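Chemist: Got two chains here, each in a separate frame; can you build the complex from them with the hints?
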Amino acid sequence: MYKIIKAEELSAGVQSFIVEAPLVARKCQAGQFIILRIDEAGERIPLTIADYDREKGTIQLIFQEVGDTTKQMGKLKTGDYLLDVAGPLGKATEVENFGTVVCIGGGIGVAPVYPIARAYKNAGNRVISIIGARNADLLIMEKEMRSVSDELFITTDDGSAGHKGLVVDPLKDMIAAGEKIARVMAIGPMVMMRGVAEVTRPHGIHTLVSLNPIMVDGTGMCGGCRCSVGGETKFACVDGPEFDGHQVDFNGLMSRARMYHTQERQCKGDGSCHK
Amino acid sequence: MQGGRIMSQVKHKMPEQDAQVRRHNFNEVALGYDAETAKAEAARCLQCKHAPCRKGCPVEIDIPAFIQQVKDGDFVAANSIIRDYNNLPAVCGRVCPQEDQCEKLCIRGIKGEPVGIGRLERFVADFSLGGTCPLPPPPPEVKIGKVAVIGGGPASLTVAGDLARMGYQITLFEALHTAGGVLMYGIPEFRLPKDIVKCEIETLKYLGVEVVVNAVIGKTFTVDELMQEEGYDAVFIGTGAGLPHFMKMPGENLNGVYSANEFLTRVNLMKAYKFPETATPVQIGRNVAVVGGGNVAMDSARTALRLGAENVYIVYRRSRDEMPARAEEVEHAHEEGVIFQLLTNPVQVVGDENGWVKGLECVQMELGEPDASGRRRPMEKPDSNFVLDVETVVIAIGQGPNPLIQDTTPGMDTNKHGNIVADDDGKTTKEGVFAGGDIVTGAATVILAMGAGKKAAASIHAYVQHKKQG
Ligand SMILES: Cc1cc2nc3c(=O)[nH]c(=O)nc-3n(C[C@H](O)[C@H](O)[C@H](O)COP(=O)(O)OP(=O)(O)OC[C@H]3O[C@@H](n4cnc5c(N)ncnc54)[C@H](O)[C@@H]3O)c2cc1C
Ligand SMILES: Cc1cc2nc3c(=O)[nH]c(=O)nc-3n(C[C@H](O)[C@H](O)[C@H](O)COP(=O)(O)OP(=O)(O)OC[C@H]3O[C@@H](n4cnc5c(N)ncnc54)[C@H](O)[C@@H]3O)c2cc1C
Ligand code: SF4
Ligand code: SF4
Ligand code: FES
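As you go down the protein sequences, you meet chains A and B in turn.
Residue numbering for the first sequence follows the working numbering, beginning at 1 and increasing consecutively.
Residue numbering for the second sequence follows the working numbering, beginning at 1 and increasing consecutively.
Same shape as in the complex, but just chain B (with noise of 0.2 angstroms):
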């Protein structure tokens, strides 16, 4: 405890660029610690004896090893402590809720602000990436059995990765024609650099796993064909929550409406804030209204903004207070100017005589009773109708389950949402077929769908080990 009363007690702050800069660019707000930084944040930690922070981490990191390597400046070391727990730590580093995890829980947390966990582990993991991507060492060369993972988010990253190295012949199927997952198409370059994912799929090659992109489980194969004439002893389900919810109010399908998967899918996947060099357009208006109040609606305005909107709105029917985002990126959001309208809800989009948007015509509401998630419930405020003048609108109020899977699987049982249902370690009701991720717990967190494939992966190899003995 020595010399913690002189210690900081907030986080160093990591640099960014400047907000009025960033609005208009998609290159990485956050910046990253140097060395110096690094090492100055570490010595906050206090090593304490039970780590509550490590109870906070859905992968139970062991945080305050990694940090003391941090401290001493041995980061090769601190990085493969983190290795062996997580393996995508560039990737966690900057998008886990650090806030509602590790962090959380972080004793220094009770009086000023907690160690700054995840910007030391995305220090680390940029260090040893040091800009390059170094491969890792090669996978055994027996192969003790043949696995099929489907989809290329976190999940299946992590199912492919661990499998491979444990001497797993793995293919990993994925519907694009890039792996990656929300990784990819979702979280925009200005949170999360692609190459950084890229890195992780190109060493994921480098262990042998063949990616199979462009093939869509369901139509291309089913999982039955996979296990009966494809000869797979498992197969991991792993596609996430890819399907759109919409409103189902009036003008929905009018031109210039987006669910916030098409927007960000077209910007990101499909670089179209580089058209006309890349061939796929996205239509953006001088004024914006995106729907929701998560994380897919904050990355949604910042895209508009970098597009070049002028006014973007984030139309949340509850308060801050009540908003899912992270914080960080809310704050992200408000800085570069996004302007919210809280307590608000779209009723109609209004049209056009040529089919456009022109406005989003919405309801003022007001906090009630808290409801059964102990949320207070937002009612309606009788004539507080209002038009708000946009001429794109985007829906980004979650996502479901896509069926494609489940409905050419017989045999595998599904929960009233559609969603798999597979026990704590990954096991679904069907033989030799396991899930995880988005896909079994609706729209959650990265690292909770790392979290499940490693147990997964572990549930995997003693079935498959089980299978081949018996």
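Isolated chain A, as found in the complex (with noise of 0.2 angstroms):
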């Protein structure tokens, strides 16, 4: 049993819940994620490890209520328990000095690329980073992406903060304007980051993104997480979740997301998929 140490509301339908887990805490890094399970009856879910105390032997989880065990989660308060934390799992970003270093949070993808902008941060890169919502209520953590960034772009779909408008267009002005980008790390919904992908594709800059295929055990075990990459299939819980944004087969994941959709439409987070 995994305590919830503090469950907080970031915004509408965002969770975050610092949990007690020694043997995760004690040695993840960025870019890396758990698995969860809260019950008995309850599906494996992964999320990303958003930040740790390895002292207090605790993670943070940040998670979007989608659909049922996000939901049922989001119902959980400080105190309670989850029934299985495995992890860390997948492979840590590679983090050195690059140069300049372009972050992408989109929705949720803040989060996961929060840990991965501090690592690049303290490893001397120049850190730019832009985050984005549909709307400035939705929009999450940029407090700490602001103190982990030399310069942080806002954008959201309404102009309700920051630029109107897409990620990608703070990155498209900064290439535009000659900026040298070693790097860039985009983790959002797979538009986007395909659209990210896309924009870096001309100009040669290497872009990575996060893939969050279906997972179930996350070891490698299952072939569920399987997605193709430069023509090759890889599994997105060992090789990953990190890949070449340029050699990402999105077509074929977005399709692959969709397949339990007519099951998941029959699970509505208030416990009609549990006992």
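Please note that the accuracy of each hint is not assured.
Unchecked claim - DMTMM-like cross-link-like pairs, simulated, lysine to aspartate or glutamate; straight-line CA separation at most 20 angstroms:
1) A:K71 <-> B:E277
2) B:K248 <-> A:D239
3) B:K198 <-> A:D39
4) B:K205 <-> A:D84
5) A:K234 <-> B:D407
6) B:K271 <-> A:D39
7) B:K198 <-> A:D84
8) B:K271 <-> A:E264
9) B:K274 <-> A:E40
10) A:K180 <-> A:D244
If you are wondering where the hints come from, they were derived from the structure by calculation, not from laboratory data.
This one's a predicted model, so the numbers in the text were calculated from it and none came from an experiment.
Modeler: Shown next, in the form of structure tokens:
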């Protein structure tokens, strides 16, 4: 059992949990994730480790209530427990002093990009961050992102905060202005990551994306998380989750993400999918 | 030999659920002997002096001795004889390929059918469990060493149990949320009820074994960290053959294509057959093709039937004689209505415009000259391609070793397939590190994994005691 030390709503439908998971906190690094189960009848779902405290033995999870498991999690409170937390899983982000790196987070993707931006910053990079959301209310972790970035751009679809438009807009401007970018890290909805990859491709800017296919075990045992990268089948849970955005077959991934849409509609997050 | 002539030439039948009923439920197929039938079957044993049957058993159970006790009606004594050799008799009695092991060498098999050794073993084990989970005597209090056991399959369960009884402090690390390995996530409930496996794990806990689930070694801890920082005297690796192979054919990433591992894990471990009572879904079409001819393929096909598929095909490139699955499992699948598309090889998965499977294109095969393994090599018949209309494809062509531990353990050799190199006693090339089961041999059997575990436990004991004295 893994105790929720602190549960907090960051914005409408976006929650933050600080969870006691000493074995994970001990070793986890930016870019890694965990797999959890809320109870005996529960599904195994992956969530990125948004932050950690090695001394207290805690990790932070930030999640959006999108379906059955995440909605049920949204009802849990400080002091409640998660049944299983396994990890840290996946490869850690490669962190060196590359020069100037651009970190892009869209929607809930800001949560996983934050520890990576911080790690880049600590390694001596100049970190330019772009975070975006549909509107100002859905924007998360602005303060945290600002604290680890040399420059921060904000975009919203409706212009209620920052620039009205998409996260790729400031990136295009930067490239047009001749900014020398060593690499781009983009995490968010699949369409956003694909959009970023298309912007950087003609300029040959190394672009990493973090994939979130449906997973079961997270250890390379089931192959459910497979994706096509550069024409080769990779298992996102062990070979990734980060891959070269220019090589990823996003269409295949988007199709696989719809595999259980019919079943997901049966589960409303109200316990209808639990005994 | 007296009475040999009047004795039945065939094994006593074990009652089974009717094929048409069981193809719709997940309850156990085979129902086991009652005491009278067990005694009568035991009476078929000739109590051979040289007991050839024993040589066929990888852990050399004293088969005639336990069968004699069954014949005499002393099932408790029979159980204790079996338990001296085999920690998981209720499991092995059900899933051992007896026809290739103990029963293959049984004298009675020369003329007629061999003694039903597996069925008797199952009977004795079930009798001793009595539908409950009896606790073992407590282990020694003074601990003589500290050993980490990685993985929770039969190899590791055996090492943990044996060493705990000798007085070791044992921690078992399992990556999933429950120990048991393939016994929990792979072999379906209708062949091996999960309560039996859970009982074995409870027994270990009672023996003082600390079972740490959700611990992925290579990630949560490395092997070096366990020995250098966490103070374990030795480490046993029993991580199995968990990496699914795909065919590398076009269309394999379409929606509706599963590895057998994923398909079976969703259904067995995550209980997707109870969805939406449980939260994990599984997608099953009306028509399902399972590619492969082993136990894993049979289990997948029979699972697909039970999930409600109407037509389930086994697509296998050789003929029935070459199928590696147990004869009994093939027979069961056949009775339940699985359709065998033999001498057939898939070439691509055909998808619809939305990325879903709508067919499996196959080519017919014919058998040519025997290859190095002695099996006749299948060759494609030209222009024989056809499409099987299916909405779900399960790939069950085998599993390899998961590289997580090997990649993070310097100084431990692997072979060209990525399996850990270990000698007969389970010693790897790295001091203090032992390994056994499918991670060493490649995908094999439960009893071979347990046999490897037994040898490794003995050799770990010798190693640790030598180190402590030295
Ligand atoms: C490596 C990785 C890291 C992730 N990190 C985060 C994070 O930090 N914060 C966050 O909010 N989300 C994250 N996700 C996505 C998160 O796992 C899904 O939102 C969650 O599983 C949805 O489950 P549900 O039952 O609430 O919704 P459902 O209704 O079951 O599903 C909604 C959608 O989520 C996806 N999904 C469903 N089941 C799974 C599963 N078992 N594994 C992965 N995706 C699934 C599907 O595309 C589905 O259409 C991550 C995913 C991956 C693979
Ligand atoms: C569907 C199916 C049907 C089968 N049917 C039969 C049968 O009828 N008869 C028979 O004799 N055999 C059968 N087998 C084969 C048999 O199950 C295996 O040979 C046996 O389970 C191998 O045991 P093991 O202990 O080596 O590994 P496994 O049972 O594979 O267990 C390995 C365990 O290690 C865990 N693990 C892996 N990596 C890590 C890590 N890095 N850290 C921590 N834990 C880890 C895994 O999660 C797993 O629990 C079948 C196999 C399958 C898949
Ligand atoms: S353990 Fe398996 S091989 Fe050995 S006697 Fe029992 S059924 Fe036969
Ligand atoms: S070989 Fe057969 S008949 Fe002879 S002792 Fe073994 S089980 Fe009995
Ligand atoms: S989630 Fe099972 S292999 Fe990646």
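Chemist: Against each hint, give a clear statement of whether it holds in the structure.
Modeler: Here is how each hint holds up against the structure:
At roughly 16 angstroms between alpha-carbon atoms, K71 of chain A and E277 of chain B fall within 20 angstroms of each other, so this suggested pair holds. Distance hint between K248 of chain B and D239 of chain A is fulfilled; the C-alpha atoms sit about 17 angstroms from each other, no more than 20 angstroms. With a C-alpha separation of about 18 angstroms, the suggested pairing of K198 of chain B with D39 of chain A holds against the 20 angstroms cut-off. Taking the CA atoms of K205 of chain B and D84 of chain A, the gap is near 19 angstroms; set against the 20 angstroms cutoff, the hint holds.
At roughly 17 angstroms between alpha-carbon atoms, K234 of chain A and D407 of chain B fall within 20 angstroms of each other, so this suggested pair holds. Among the hinted pairs, K271 of chain B with D39 of chain A is consistent with the structure: their alpha-carbon atoms are about 13 angstroms apart, no more than 20 angstroms. The hinted pair formed by K198 of chain B and D84 of chain A meets the criterion: a straight-line CA distance of about 18 angstroms does not exceed 20 angstroms. Using a Cα cut-off of 20 angstroms, the hinted pair K271 of chain B and E264 of chain A holds, with the two alpha carbons roughly 16 angstroms apart.
Proximity of K274 of chain B to E40 of chain A is assessed by CA-CA distance (about 13 angstroms); at most 20 angstroms being required, the pair is judged to hold. As the CA atoms of K180 of chain A and D244 of chain A are separated by approximately 19 angstroms, the hinted pair is consistent with the 20 angstroms bound.
In terms of the numbered hints stated before, the structure departs from none.
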